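2 protein chains.
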Amino acid sequence: MSLLVVGSVAFDGIETPHGKHDRLLGGAASYFALAACHFAPVRLVGIVGDDFTAQDVAVFKHQQIDLQGLERATGKTFYWAGRYNQNMNERTTLITDLNVFANFKPTLPPAYTDSAFIFLGNIDPTLQHSVLKQVTGKTKVVGLDTMNYWIERTPAELKETLKHIQVLVINDDETRQLTGQHNLTRAAKEIFKMGPKTLVIKRGEHGAIMMHEKFLFSVPAFPLEEVHDPTGAGDSFAGGFMGYLAGAGKVNERTLRNAMVYGSVLGSFAVEKFGVQRLTTLRRSEIHARARLFSKLTSFKL
Amino acid sequence: MSLLVVGSVAFDGIETPHGKHDRLLGGAASYFALAACHFAPVRLVGIVGDDFTAQDVAVFKHQQIDLQGLERATGKTFYWAGRYNQNMNERTTLITDLNVFANFKPTLPPAYTDSAFIFLGNIDPTLQHSVLKQVTGKTKVVGLDTMNYWIERTPAELKETLKHIQVLVINDDETRQLTGQHNLTRAAKEIFKMGPKTLVIKRGEHGAIMMHEKFLFSVPAFPLEEVHDPTGAGDSFAGGFMGYLAGAGKVNERTLRNAMVYGSVLGSFAVEKFGVQRLTTLRRSEIHARARLFSKLTSFKL
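So the sequence lines, in the order shown, correspond to chains A and B.
To convert, note that position 136 of the first sequence is 136 in our numbering; the numbers rise steadily by one, no gaps.
To convert, note that position 222 of the second sequence is 222 in our numbering; the numbers rise steadily by one, no gaps.
Hints listed in this document are in silico derivations from the structure and should not be mistaken for laboratory results.
All values reported here derive from a predicted model rather than from experimental measurement.
Some hints could be false.
Which copy is meant is left open, because identical chains are indistinguishable; a pair holds if it fits in one copy or across any two.
Unchecked claim - Computed list of lysine-lysine pairs in PhoX-like fashion (alpha-carbon distance at most 20 Å, straight line):
1) Lys301 x Lys214
2) Lys140 x Lys214
3) Lys140 x Lys105
4) Lys301 x Lys250
5) Lys214 x Lys296
6) Lys105 x Lys197
Just need the whole structure built from these sequences, with the hints factored in.
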């Protein structure tokens with residue numbers, strides 16, 4: 001089934017101990033879409049400037065990602081630059097130029113309004129909500145990402161939007177900030193009261209945990225010898241997660257558990273090269289082979 | 001098969017957001033022994049002062065822990081006091097009085113020299129090595145714990161001792177410090193060159209990972225709603241881990257994976273109450289029930 005993603009498309013300047021690259025295609029929706037497209041047809045709603053070239057478009061087109069919803073505006077595309085420290089466990093943002101993204105008002109093309117699987121990337125909660133209002137069909141799963149900025153500045157709007165979503169995909173700091181609970185098990189119970197009955201907590205090198213009203217599921221990060229660029233790992237996780245669900249077409253305990261694994265698989269591939277590069281060369285056989293490695297990594301027989 | 005543990009027996013003063021308790025029975029070897037005793041007969045080598053009462057002895061005796069190797073010296077028992085912060089992810093050491101532990105020279109009673117499973121708790125590497133020299137029988141597994149203090153001050157002695165052990169059980173910071181490698185996969189390869197072919201990395205609330213020359217295995221921490229006292233979690237993990245192996249009597253991929261699970265099970269119980277309290281009331285049925293919960297927490301079917 002089709003998967004709609006709404007969020008940022010950007011150019012990134014990234015420096016890690018493995019190198020320095022500028023004007024890399026990036027942004028949360030790009031990573032998400034290029035991870036999810038390996039499982040299901042993806043529709044992208046975002047905004048870019050007139051510096052976004054045919055070559056940039058081709059990266060998505062090559063993966064059959066639907067760009068009807070990618071608005072082109074006069075001006076420059078969102079630009080972000082950051083530098084990672086030696087161990088890549090910390091990063092410093094050097095530049096954030098919102099450019100055309102500052103005026104992003106997501107509009108769904110008519111063909112998108114029947115999307116059954118939807119992911120609302122990290123943008124203003126009011127805009128996230130506006131996307132849902134444009135959907136006319138019956139949705140199966142709406143997922144949402146957010147960040148400290150919105151938790152602090154627009155808590156009421158965020159809480160209103162949360163009432164309409166099923167899966168919240170955030171990191172542990174955001175979980176704690178949103179609920180005021182340090183203990184994640186108790187934090188999950190607060191989230192359930194807000195609307196989502198499934199909380200996916202991304203923990204970077206420590207993997208991810210799913211807290212569902214009826215079960216818990218934990219998946220480790222894949223132990224890699226070389227991480228070249230951590231940018232987009234969480235968005236690729238979300239893309240693999242939602243993509244798997246949309247591809248399966250149904251949401252139950254088994255598909256949710258597998259979605260967590262495929263999320264981790266895509267996150268682990270994303271960091272192997274700079275930008276979205278690794279996601280664009282990924283073969284289905286590689287994805288499934290790594291999923292089987294996750295099974296070896298975690299299975300035991302009492 | 002019998003499991004020998006050598007290490008500290010102490011009295012602890014512990015303050016957490018859940019309360020403040022003084023003169024709690026503690027020390028790494030105590031937590032280890034009281035966790036391991038649920039799986040195999042445990043022999044303890046340690047030292048206590050004349051303030052160690054019959055009641056303290058009874059805690060071990062009640063669990064059939066062999067105290068022939070527990071030396072009594074004139075003076076006071078090792079005393080440690082610490083305070084945890086609100087979220088219990090940081091602690092401040094308030095007092096460390098080594099007392100009789102400063103002169104600990106571990107001596108194996110003749111009945112202990114045939115121990116097939118041995119765990120060398122975090123003490124001077126030269127003393128750890130001296131224990132192995134007293135063993136006359138053939139060992140199956142020797143495990144070892146250490147800390148930053150020994151890695152910094154006695155690196156040569158530590159590396160000599162590491163040549164004689166099979167399983168190194170340390171945390172992620174110690175792994176990085178010992179190898180000079182931030183990446184844990186690459187750090188493991190350095191450890192393998194030092195002697196141990198199995199590295200168990202304890203990661204607190206993030207679980208534990210086993211890096212074996214032939215396989216990797218990851219286990220999460222058990223998501224608890226209430227942590228009352230994190231003291232001894234790592235030692236209880238090591239006790240559950242080594243205890244399970246000694247109980248199984250054989251070391252192969254399956255028993256090593258299960259040992260990781262039972263290590264996490266015991267670590268998770270240890271923190272539910274202050275000091276060793278929870279370990280002393282633990283029933284076998286509770287242990288196995290929680291191990292099955294770990295299976296539910298991590299299993300998926302692709």
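Now for the hints, and whether the structure bears them out:
1. Proximity of Lys301 and Lys214 under a CA criterion of 20 Å is satisfied inter-copy only: 18 Å between copies versus 23 Å inside one chain copy.
2. Proximity of Lys140 to Lys214 under the C-alpha cut-off of 20 Å is restricted to the intra-copy arrangement: shortest distance 18 Å within a copy versus 42 Å between copies.
3. For the homomeric pair Lys140 and Lys105, neither the shortest alpha-carbon distance inside one copy (24 Å) nor that between copies (66 Å) is at most 20 Å.
4. When the C-alpha separation of Lys301 and Lys250 is checked against a cutoff of 20 Å, the pair qualifies only between copies, where the shortest distance is 15 Å, while the shortest distance within a copy is 29 Å.
5. Taking CA atoms no more than 20 Å apart as the test, Lys214 paired with Lys296 passes between copies only; the shortest distance there is 12 Å, against 25 Å inside one copy.
6. In the homo-oligomer, the alpha carbons of Lys105 and Lys197 never lie at most 20 Å apart, since the shortest distance is 28 Å inside one protomer and 56 Å across protomers.
Hints 3 and 6, counting from the list given before, are not met by this structure.
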